[in-house]
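The working numbering puts the sequence shown at residues 21 to 444.
Keep in mind that the hints were calculated from the coordinates and are not lab data. Keep in mind that the hints are not guaranteed to be accurate.
Claimed, not checked - If you anchor each label on the Cβ, the simulated ranges turn out as follows:
hint, residue 1, residue 2, range
1, G132, V410, 39 to 45 Å
2, Q392, G420, 22 to 28 Å
3, Q163, R87, 40 to 46 Å
4, E402, V374, 17 to 23 Å
5, T372, E418, 21 to 27 Å
6, A362, G388, 18 to 24 Å
This structure is a prediction, so every number in the text was calculated from the model and none was measured. Think of the CB as a built atom: it goes at the ideal place given N, C-alpha and C, for glycine as much as any other residue.
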Amino acid sequence: MATITVALLISCALALLGSCGPPTLSQKIDMYLWEKYDALTFSGSVLVALDGKIILRKGYGMADHERGLLNTPETKHRICSISKVFTSLAIMTLCEQGLVTLEDTVDRFYNGFPNGESITLRHLMDHTSGLYDIHNEDPAFDQVARHAKSLDELIATFRDKPLKWIPGSAYGYSNSGYILLAGIIEKAAGKSYGDYLREALFEPLDMYSSGDYRNQHVEDLAIAYIVRGDRPVKTDDYHWSNFTGSGSLYSTVDDLYRLHQGLMSEKVVSRESLGKAGNFLAAFGHLPGLSSGMVRFPSQDLVVILLGNFNDTVEGMCHEIAKMALTHGAKAPEPHVLEQYAGTYETPRGETIVIELRKGRLVASMSGTSSQELLAIGPGPEGSFLMGNVIVRFIEAEDGTMEIQMPDFEGTPTGSLGAIRVDR
């Protein structure tokens, strides 16, 4: 660690001296990640791209301490729950082929499945099925997950558990729903989950460093570590068949960037299908010693990908890097420009958002949440800001009414319209 830290300080100092000016976006992100590495909170691979250009593509720390292998952009990582993105995409490709619909019920594929007539594929994808979550609710899962299971055996561990609510009536994160989706993919496609993903997604997207992990030997696969004191300790005892559909895939930052590009260009699914699946704006995964994150802002063609092999989660880091990228070099509008956006807005769900101008800054308040400053973002349409982790855009409608829109949610069930001004 000390050797790398010294090298970091020297390289950062030289980079700043050589630039003869403020740090570039790439340098800012790089310094931020080295700080996280030095604090023992990150080790892994990173790719950040904006407007079709790669800003940073780099590895930090060790992929395998015993063998002395560094993390690089080519290092393969278990991506944990980002696997759910691929499971959802696979379902959407089957929808486009006419083999399934999101309104199909589970009993079409699993005859006799308890409550299968009332659970739809949409419920499974949206985490509204009410299924018992075998990963997080079974106290014995940590032990039983160390042994290989077929997909049918895995589904059998939760199929007879009572539903927690009527399907579609509430939200609750469920890995079991995605395990069941993997089984439905196999039945609809007539081939294994891994084989279908390879044919329908990985090969069309040129993702040749990605696959379904079954504890087989995979070249350049990062080892999972937790930190005890100041030392990394290996921790990887699961059999990954226990995560089929919900977290069993491995990939690289390069391959996940190819996924982003493919989604932008409609290479594997149409924009309409992508919208029905929620546009995949953010996905994160975490298991002991592993952490993954992918944040997308399609309206800016921005993607931030972090794949880590330390125990700390990378969700906050992804959002912080996205904020750096979106606000880098941005100039805040003059107060008289900001003033036109201040007011009271109402969302389609009847929620009230109050936008205030405070000391030359726009601040948004919503009942039950803390206030958030709206940050001006870089090149883009006038009236665009970052509010929390969402890009919002103020647009004046033809009738003069001011609207808040969320361009990255266009085509999704949520919709792009955030709120309409109601105080004028």
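Going down the list of hints, with the structure as the test:
no. : hint                    : verdict
1   : G132 / V410: 39 to 45 Å : 43 Å, holds
2   : Q392 / G420: 22 to 28 Å : 26 Å, holds
3   : Q163 / R87: 40 to 46 Å  : 29 Å, violated
4   : E402 / V374: 17 to 23 Å : 22 Å, holds
5   : T372 / E418: 21 to 27 Å : 24 Å, holds
6   : A362 / G388: 18 to 24 Å : 21 Å, holds
Hint 3 from the list above is the single one not met by this structure.
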